[in-house]
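Taken in sequence, the protein lines are chains R and X.
Counting from 1, position 477 in the first sequence corresponds to residue 477 in the working numbering; the numbering is continuous, with no gaps.
Numbering-wise, the working numbering comes out as the position in the second sequence, counting from 1, plus 1000.
Treat the hints with care, as some may be off.
Derived SDA-like pairs: lysine to any residue, alpha-carbon spacing no greater than 20 Å straight-line [what the hints assert, rightly or not]:
1. R:K399 x X:K1080
2. R:K326 x X:Y1177
3. X:K1173 x R:L97
4. X:K1055 x R:E450
What the hints contain is simulated information worked out from the structure, not anything from laboratory work.
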Amino acid sequence: MQLKNIFKFNGGVHPDENKIASTRLPIAKLAIPKKLVLPLRQHVGHVAKVKVKPGDQVFKGQIIAEADGNISAAIHAPTSGRILKISEEILPHPSGLPDFCITLEADFKDTWIEKKPIPWKKIEKTQLIETLSQSGIVGLGGAVFPTHMKLKTNQKQTIHTLVINAAECEPFITCDDMLMRERADEIIRGSLIAQTILGAEKCVIGIEDNKIEAYEALKKAAQKTTVEITVVPTLYPSGDAKRLIYLLMGIEVPKEKRSVDLGIQVFNVATVAAIYRYLEFGEPSISRIVTITGAVKTPQNYEVLFGTPLSELIKAAGGSSNKQKKFIMGGPMMGFDLPSIDVPVTKAMNCVIESSPELFPTPKPVMPCIRCARCADACPVNLQPQELYWFSKSSQLEKAREYNLFDCIECGCCTYVCPSNIPLVQFYRYAKSEIIAQDKSKEAANTARERNEFRLARLEREKKERAERHAQKALGAQDKQAEDDKKSTIAAAMERVKQNQQENIKN
Amino acid sequence: MITALLVMIFLAILLGLVLGYSAIKFKVDGDPMVARIDAILPQTQCGQCGYPGCKPYATAIAKGEADINQCPPGGDAGAKALAELMGMEFKPVNEKHGVQKPKSVALIDESTCIGCTLCIQACPVDAILGAAKQMHTIIASECTGCELCLPPCPVDCITMEPVLENSESWKWKYPIYNIQKAQKA
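Using the sequences provided together with the hints, build the complete structure.
Below, the structure written as structure tokens:
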């Protein structure tokens, strides 16, 4: 394992890895639960459109909600059974607010719908992407962006390099590590498929140097293929797509541009494995590997069907070992506290950590900012976190935006190094969502203004039209009067003629 | 002395011509100040300010006829922004015009609606759909929550429903943490 040609990014931190506990045991399959709750919003973009109704019998792998528009993903039944209800349930989201979910009652027969492997080498690319939009595959690294959209390329955007993200830099999380150790073959094949679809010349896997076994497994699987494997130093947040691109290629993706604009596409290892399984076996996205770790009795990785209640996963891991019953979804750096343990496992759930006072002691009291600028040194995006903090704290939102608040990746390095224990990222999240809400209401105001102006113009036009009609009518009435006059004149003339004739006869 | 006078006169004529020409050529239609004020106003078109809409109110402010604190939907934040724009002292919203309410949209009880079209005529943003003797309904996404449709309804079938937070409109809250007592050394 050697580090070659690595371009180090600024900043970054190295928190305790805590990864060993959950890698001692192989990936286990979690039993099918009685009930599965499938949220319609498990991806970035439009909510999926429901295709079933309560009482319907469904097979494993059957589409129960289809993608609505381009940026959306389908949802499949993770096992066979009956649709119980479509209702609002609590989601694994920091808000803890309910959203629409399909509840499926398993029949424990686990009967597959007819699997249709896709001859991806033979069919046309546009058609292939169309099929992939039915696969339900989204970015499994945590961003949950519909994968078929990322495989689309056009004349303007040609992809020269495909980067496979195997860094998994957050502490505690080992789902990608275990996947690479056990299914390296699927990952390499999936990478080659994605490379072919994208038409990329190169495919590079970037992996942190703390995953030796995974690296060896990948290397073995990648023999005799063109896939390159590059080892990067273990430094959080090297798993951020733009940081990884910089590490591997020394290319910095400019502000307001995406890596695709530079000809680079990034996929997570689990995502390419899912692409492989879908095309080769016709198996849609119905499960994922989830790390359950922290204070649970036996930390381990499980292959979990989407929709499985989190409590089932906790039970399988030996149950919680402390009274606090606090669970974090994601890693300790970017994750959030789950609102309840009755939430379902979703496509975004890569890791669940049981919090305990030993692992995560109560944060020390927050002290005032002493302007030490350690956060600026740690920021991997080269922002000025201390300035952003002041602006966010005083709600000077425009100023925060000017200081590139939206380039912040919320990695939490600044919070990690802050000697005053200030929850910096929380301030940035607040400022960001406040700005987004303000922009939205401004847009709504603009629409209302347009609609009001249009209405006023319409009323004006209608008034004018009415006035014209009246004028016409009045004119018409005048004409009639004139005609009547004419008729009476003629009649009078006729009368005179008659009289004359009669007089003539008399004479 | 005479040259100096001539130069001054010549310059005065020249500059006068330039200014006169540009006054015609670069004439700005409408008051740009009105547009800037209008951009701050929330476009509810509710008329609580005493003017028939946001634009008339903006025009009145620009002319100096109206005060900047007459817009309840804009709230104190709106009044502050107007004060900044106009270079005036901030004043909290005048309660005579109403109080700021949480964002709501109108909802028609469709079984009670008799299809009189009176609310359609009252809606400033054409957000009500319906026809004579047909059931009416609100296009919720276009409704500004102005409440102008409430008074004309003869059967009182319109209610204002506050817009609840959902997982899409949810916002991260301002971080609040407890300040602890410093330990004695």
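**Request:** Below or equal to 20 Å on CA atoms is what counts here, so check K1173 (chain X) against L97 (chain R).
**Result:** Given pair K1173 (chain X), L97 (chain R) holds - Cα atoms ~14 Å apart, limit 20 Å.
**Request:** Measure nothing beyond the straight line between the CA atoms of K1055 (chain X) and E450 (chain R); if it is 20 Å or shorter, mark the hint as holding.
**Result:** OK: K1055 (chain X) and E450 (chain R) at ~11 Å, within 20 Å.
**Request:** Please work out if K326 (chain R) and Y1177 (chain X) have their alpha carbons no farther apart than 20 Å.
**Result:** Holds, at roughly 19 Å.
**Prompt:** Straight-line Cα separation of K399 (chain R) and K1080 (chain X) no greater than 20 Å?
**Reply:** holds, 17 Å
Of the numbered hints stated above, none is contradicted by the structure.
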